[in-house]
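S.K.: From just these sequences and the hints, can you work out the full model?
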Amino acid sequence: MGEHRLRQVPPSQRTMHLSLIAVWLGTALVSAIEHRGLSVQVLADAGIHDARWQTFLIWSGLLADLAVGLALWLRPGRESYLAALLLMAAMTVLATVLQPTLWLHPLGPLLKNLPIAAMLLHLMSAPVTPKESA
Numbered sequence: 001m002g003e004h005r006l007r008q009v010p011p012s013q014r015t016m017h018l019s020l021i022a023v024w025l026g027t028a029l030v031s032a033i034e035h036r037g038l039s040v041q042v043l044a045d046a047g048i049h050d051a052r053w054q055t056f057l058i059w060s061g062l063l064a065d066l067a068v069g070l071a072l073w074l075r076p077g078r079e080s081y082l083a084a085l086l087l088m089a090a091m092t093v094l095a096t097v098l099q100p101t102l103w104l105h106p107l108g109p110l111l112k113n114l115p116i117a118a119m120l121l122h123l124m125s126a127p128v129t130p131k132e133s134a
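Numbers 1 to 134, taken from this note's numbering, label the letters of the sequence shown in order.
Please note that the accuracy of each hint is not assured.
Unchecked claim - Derived SDA-like pairs (lysine to any residue); straight-line CA-CA distance at most 20 Å: (1) K112 to A90; (2) K112 to H122; (3) K112 to M91; (4) K112 to L87; (5) K112 to P127; (6) K112 to H49; (7) K112 to L82; (8) K112 to L38; (9) K112 to A64; (10) K112 to L85; (11) K112 to W53; (12) K112 to Q54; (13) K112 to L98; (14) K112 to F56; (15) K112 to R75; (16) K112 to Q99; (17) K112 to I48; (18) K112 to Q13; (19) K112 to P100; (20) K112 to V93; (21) K112 to L94; (22) K112 to V30; (23) K112 to L18.
Note that these hints are calculated values from the structure, not bench results.
M.R.: Here's what the structure looks like:
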């Protein structure tokens with residue numbers, strides 16, 4: 001279903017789309033693999049020490065990333081790009097509230113959201129394919 005739509009877009013947009021799928025599914029996978037590692041440390045540094053809250057927040061983020069990644073893969077289009085943009089914005093705001101110093105991190109975990117947002121906005125503004133408008 002989604003693959004058919006992807007064949008209808010220019011290669012540059014297809015590459016952007018596939019890289020966004022990789023970001024969201026990859027983030028979900030990494031969160032699952034290391035759910036007791038760096039994620040717990042980031043939350044503890046933000047003052048969230050209750051293991052139940054840490055687990056809830058980590059797995060909620062993981063499931064949200066997984067849902068958006070699957071939506072981008074299986075249902076490419078403006079709705080999935082908007083869902084990705086809204087999730088990214090919400091997580092960026094939450095991360096900023098919990099750990100504002102992440103904006104100063106040398107690897108730029110929050111700064112990287114700016115080009116991702118630009119890609120999503122670009123893909124959202126692309127012409128609608130006949131199948132997407134139906």
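S.K.: None of the hints should be skipped; say for each whether it holds.
M.R.: Outcome of the hint check:
Between K112 and A90 the CA atoms are separated by roughly 15 Å; this keeps the pair inside 20 Å, and the hint holds. For a cut-off of 20 Å, the pair hint linking K112 to H122 stands: about 16 Å separates their Cα positions. Taking the CA atoms of K112 and M91, the gap is about 13 Å. The hint holds against a cut of 20 Å. Only pairs whose Cα atoms come within 20 Å are accepted, and K112 paired with L87 is accepted, the gap being roughly 14 Å.
For the given pair, K112 sits about 26 Å from P127 by alpha-carbon distance, which is inconsistent with the 20 Å threshold. Of the pairs offered as hints, the one joining K112 and H49 is violated, with about 27 Å between alpha carbons and a cut-off of 20 Å exceeded. Restraint check for K112 and L82: satisfied, since their Cα atoms lie roughly 18 Å apart, inside the 20 Å limit. Restraint check for K112 and L38: satisfied, since their Cα atoms lie roughly 18 Å apart, inside the 20 Å limit.
A C-alpha spacing of about 19 Å is found between K112 and A64, which places the hinted pair at or below 20 Å, so the restraint holds. Distance restraint check for K112 and L85: the Cα-Cα separation of roughly 13 Å lies within the 20 Å cut-off, and the hinted pair is therefore satisfied. Only pairs whose Cα atoms come within 20 Å are accepted, and K112 paired with W53 is rejected, the gap being roughly 26 Å. With a C-alpha separation of about 24 Å, the suggested pairing of K112 with Q54 is violated against the 20 Å cut-off.
Under the criterion of a C-alpha separation no larger than 20 Å, the hint pairing K112 with L98 is consistent with the structure, at around 18 Å. Distance check on the hinted pair: K112 and F56 sit about 25 Å apart at the alpha-carbon level, beyond 20 Å; violated. Pair hint K112 plus R75 does not hold up; C-alpha atoms about 24 Å apart against a cutoff of 20 Å. The hinted pair formed by K112 and Q99 meets the criterion: a straight-line CA distance of about 16 Å does not exceed 20 Å.
At roughly 24 Å between alpha-carbon atoms, K112 and I48 are farther apart than 20 Å, so this suggested pair is violated. Annotation: proposed proximity of K112 to Q13 holds, straight-line Cα distance about 19 Å (limit 20 Å). Taken as a hint, the K112 and P100 pair is honoured in the structure, with Cα atoms around 15 Å apart against an allowance of 20 Å. Between K112 and V93 the alpha-carbon distance is near 14 Å, which keeps this suggested pair within the 20 Å criterion.
This hinted pair checks out: K112 and L94 have alpha carbons roughly 15 Å apart, not beyond 20 Å. Of the pairs offered as hints, the one joining K112 and V30 holds, with about 17 Å between alpha carbons and a cut-off of 20 Å not exceeded. Distance restraint check for K112 and L18: the Cα-Cα separation of roughly 17 Å lies within the 20 Å cut-off, and the hinted pair is therefore satisfied.
When each numbered hint is compared with the structure, violations occur for hints 5, 6, 11, 12, 14, 15 and 17.
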